[in-house]
Amino acid sequence: MNQTTQKKAIRSKKIFKKILLTLLQKKPFDEITITEIVREAEFNRGTFYFHYEQKEDLLEEMIEDVFVELRKAFRHCYLNSDTEVNILELSTIPLFDHFIEYKQFYQVMLGSHITHNFRDQLIESMKKHFREDIDFQANDIDTDINIELFYTYRVSGMIGLILEWIQNDFNHPKTYMAEQIVKIATFYTKKVYIKS
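Okay, so the sequence shown: first residue is 1 according to the UniProt record's numbering, each after it adds one.
Derived from the structure by calculation, the hints contain no laboratory data.
One should not assume that every hint holds.
Claimed, not checked - Listed next, the in silico SDA-like pairs over lysine to any residue satisfying Cα-Cα at most 25 Å (straight line):
id: 1; residue 1: 174; residue 2: 111
id: 2; residue 1: 72; residue 2: 35
id: 3; residue 1: 17; residue 2: 42
id: 4; residue 1: 13; residue 2: 100
id: 5; residue 1: 7; residue 2: 68
id: 6; residue 1: 27; residue 2: 49
id: 7; residue 1: 26; residue 2: 7
id: 8; residue 1: 13; residue 2: 35
id: 9; residue 1: 55; residue 2: 19
id: 10; residue 1: 72; residue 2: 53
id: 11; residue 1: 55; residue 2: 28
id: 12; residue 1: 27; residue 2: 4
id: 13; residue 1: 103; residue 2: 184
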């Protein structure tokens, strides 16, 4: 594929993804047809089938593109850090910047009319980043903790916080969220009180 053809292909795919996201704001994925996508994109069906076999391929590629950007944002949090990082000094602002930049995408994909297992994919993607990049330092009293369960707990909590933020239409500033996620991650309590 020459450079001109490659640029044209990138442009076409970008338009298809933009159209799909717009259509997903109006109706469930199951009700969207390839005919609608190509009509809105002002392309013919041949152009669509040159890039994708079915609409599910377009959706998966759109998700994968955003997850690539999510990985970059995740890594940006500690890009210029030493190999050992104090959690209290870690800035998670780039991560929240990512969710703001892709606000429309996340709000649509986490909407109730999406039957796709996007939430699970998001959690698995974040768990993968944690496993590949972060090695938590366990102290003497933590040696009996199952590290796999620990990653699941940490990631699920973090994603839960981010999902709550997205579903509440980004009701707190990113700096506040970045501070809170670090404070919550380092919070420890031995006692709880039962409400009467």
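Hints versus structure:
1. At roughly 21 Å between alpha-carbon atoms, residue 174 and residue 111 fall within 25 Å of each other, so this suggested pair holds.
2. For the given pair, residue 72 sits about 34 Å from residue 35 by alpha-carbon distance, which is inconsistent with the 25 Å threshold.
3. A C-alpha spacing of about 13 Å is found between residue 17 and residue 42, which places the hinted pair at or below 25 Å, so the restraint holds.
4. Distance restraint check for residue 13 and residue 100: the Cα-Cα separation of roughly 23 Å lies within the 25 Å cut-off, and the hinted pair is therefore satisfied.
5. Distance restraint check for residue 7 and residue 68: the Cα-Cα separation of roughly 20 Å lies within the 25 Å cut-off, and the hinted pair is therefore satisfied.
6. This hinted pair checks out: residue 27 and residue 49 have alpha carbons roughly 22 Å apart, not beyond 25 Å.
7. Proposed proximity of residue 26 and residue 7 is contradicted: the alpha carbons are some 29 Å apart, above 25 Å.
8. For the hint pairing residue 13 with residue 35, the CA-to-CA distance comes to about 15 Å; that is within 25 Å, so the pair holds.
9. Taking the CA atoms of residue 55 and residue 19, the gap is about 12 Å. The hint holds against a cut of 25 Å.
10. With a C-alpha separation of about 28 Å, the suggested pairing of residue 72 with residue 53 is violated against the 25 Å cut-off.
11. A C-alpha spacing of about 13 Å is found between residue 55 and residue 28, which places the hinted pair at or below 25 Å, so the restraint holds.
12. Simply put, residue 27 and residue 4 have alpha-carbon atoms about 35 Å apart, too far for the 25 Å limit, and the pair is violated.
13. Restraint check: the Cα-Cα separation between residue 103 and residue 184 comes to about 23 Å, which is no more than 25 Å; the hinted pair holds.
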